[in-house]
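Given the coordinates of chain C, assemble chain D onto it according to the supplied hints.
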Amino acid sequence: MKALNCENVLLAMMAAADGEKAQLSPEEIKEHLNACEECRYEVVRTQRFNDILRQASRAESNVDLWPTISRRLDQQASTVSWQPYVVVGVLLLVYKLFELLPTHRPGWAITLVPLIIFGALFVFLRENPFKINSELVMEK
Amino acid sequence: MSALMDDGTAIEKCRNGEHEAFRHLVERYQRQAMTHASAILGNREDAQDAAQEAFIDAFRALNSFDTSRSFYPWFYVLLRNRCYKMAARKRETESIDETVIVATDSPMQSEEVRALENALLSLEREDREIVTLKYFDGLSYDELAERLQIPKGTVMSRLFHARRKLQAKLER
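Quick note, the sequences are listed as chains C and D, same order. Here our numbering is used: the first residue of the first sequence is 6, the next is one more, and so on. Here our numbering is used: the first residue of the second sequence is 23, the next is one more, and so on.
The set of hints was computed from the structure by calculation and includes no laboratory data. Don't be surprised by glycine CBs; every beta carbon is placed ideally from N, CA and C. Any given hint might turn out to be false.
Examples of chain D residues lying across from chain C (beta carbon under 8 Å, computed) [as the list claims (entries may be wrong)]:
(1) G30
(2) R185
(3) L192
Bound-form chain D, shown alone:
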């Protein structure tokens, strides 16, 4: 299988019944999907389940995908639906030593990493999601509006309030 297959070709092949072509999309986006699902769910096991389910949802819905658009923003909507469905059924998991949201190899001190991780985990999921998409992925307000399916004005106010909550938790 070619390592250079683009998303459009892979999607076209999947639509023609070639399951193996879906591997390109999974391998290209699984890391991103896992980090985003981990940020919403706060733990890796649930994130893995949600990401797997979201990829299967995506495979089933590929016929409705508009190939003139990018795959990942479309997939992200499916992923977050899966994450929030899963979150509604499960309790928040207890904090463990390993960080799931903030990288430990960042230039920050390990206590700062832990403090930021705990502060993020103590936020509401939606607040955590918007803060990490903005400040870790660097998405613009327009991109956030597309990913979260909300108007740009709502992005601004939600981000503003999420930041304030996070700031308050970090200063405690």
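Okay, chain C solo, but in the shape it has when bound:
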């Protein structure tokens, strides 16, 4: 009897053995197994295979990754990248040149551009310019 696809039956059996919801009911699986010799053979093979997997466990590794990671983070923190400041400088220069153009009469909104540029710089650097440095307060 091959009314049910063998692969679907084996998939459903794997799901059931793994404690998951199977797509087929136990009755459907049983009915298929009664009629399919290949799948009965697969059940025996799978049981042997499952026994091996059940006994196995992961090899552990006792490496301490922190010293290297810590060093890398320190290097990263001490490296001040110059590119964002160059970008900001160029943007401000372009803004100034645009503002100086005699033929243009931009609205008041243009005055917000430098603020937006500096805001974007602080967001990029993940710095809060309004944050109070508690260490300096303590020193007073």
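Then chain D, alone, in the frame of chain C:
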């Protein structure tokens, strides 16, 4: 430093610029990260490099981490990205005496351990990854779907075919 700092507190401190707080996360998850990276890459040296890079990626991306979720499943996605990037650049390493995936102190005979280790190492990385996550870590299909970023139906079929390949290699 307190040994009892939870992940959320450590992450919050890291976001406020305290690098040292990241140590809690590294020390808590490095063993897991190493075993998972070893299972994907098949050797410890590359696994160590990948795990280190993944922790640094995680540190840089902490601002985008949703603290209502668990750290490790989120970190695992970064780790596997690192592993697969590294794997694309490197050849499979030759088999050595030491096992990197299967523990030698399991109740199995040493030949069985070696046979399972070799069979796992001869699988495709993705097959090896899903089999070890399922049968060594005991993850559910939903958890596998989250870790591997694939639908649950794909988890089932990928696991099914990976198991069959492993079974065939073990029976050879």
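Checked hints:
1. G30: 19 Å, violated
2. R185: 7 Å, holds
3. L192: 7 Å, holds
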